[in-house]
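Chains A and B supply the protein sequences, listed in that same order. Residues in the first sequence are numbered from 1 upward in steps of one, following the working numbering. Residues in the second sequence are numbered from 60 upward in steps of one, following the working numbering.
It is worth saying that the hints were derived from the structure and are not from the lab. Computed from a predicted structure; not experimentally measured. A portion of the hints provided could be inaccurate.
With a Cα cut of at most 25 Å, we get these calculated PhoX-like pairs of lysine-lysine [unchecked claim]: (1) B:K191 - B:K79; (2) B:K191 - A:K32; (3) A:K28 - B:K191.
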Amino acid sequence: MDWMQIISALALAMFIVILFPTVLDRMKNSPKGTSSDWMGFVVPMIVIALFVMLLIALV
Amino acid sequence: MNQNYSTVAQRSSSALATNKVLRNTYMLLSLTLLFSGFTAALSMFMNMPPMTYLISVIGGMVIAMFVLPRFANSTAGIGIVFLITGMLGFGLGPILSMYASLPNGGNIITLSLGGTGVIFMGLSAYALATRKDFSFLGGFLMVGFLLVLLAAVANIFLAMPAMSLAISAVVIMIMSGFILYDTSRIIHGGETNYVLATIGLYMTIFNIFISLLQILGIMGNDD
């Protein structure tokens, strides 16, 4: 293991620690979505996944 | 009657303010992306070592988290956004040089760049056209992002290519969600500062581009 991997791991760990209170806050205070709201999110995500698969096929 | 006029005036004033934030965000985002392209080309021309990426990303993130919020409401904030995006672009140079040296590296870079553009523009157009409120995604996206960061830390030690591929795929999905969430926040007045809105959208584009590079690099490598 070289020093770049150690620094990467430390930087990510620091980022996780800093981010954690924001994650808790968003979890508590985000409004709940209806099933229609979630469909409006899931459908474009499926399109993105298919698009990435198309890019993989093109490379 | 007067109250009705007042409500209509308030709504149109709010819509104008939202449009202004949106216009300024896209203007600043375009300029920062061009500037990043320039610093990435400069970094490639200078043949910077791979550690440049790590230093630039850590430096850029520290400035974005601790310095930018203090200056976000002043003109200095615009300069800081250019500093962050310039640093991140400069850090991309060695990564792009590495991919460019692969047999089909040019193709991988072009597809990643084009793919990132299509994903960003498609999702932005979707959020703008439907005007849906994606604020309900806040908790879900943040938890997902936290889990991906934990998986990334684990994979530094495990070094599994399949896990790396899975992490990149999940990052693309989460960042796509953040594009919807951030754009929706601007449309619905949740984000009124175009400097902060720009850096948020820039980070999603940067992460999608890096993840696409990684996925196409692994899948496009015949060895």
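Hint-by-hint comparison with the structure:
1. B:K191 - B:K79: holds (19 Å)
2. B:K191 - A:K32: Holds, at roughly 14 Å.
3. A:K28 - B:K191: holds (21 Å)
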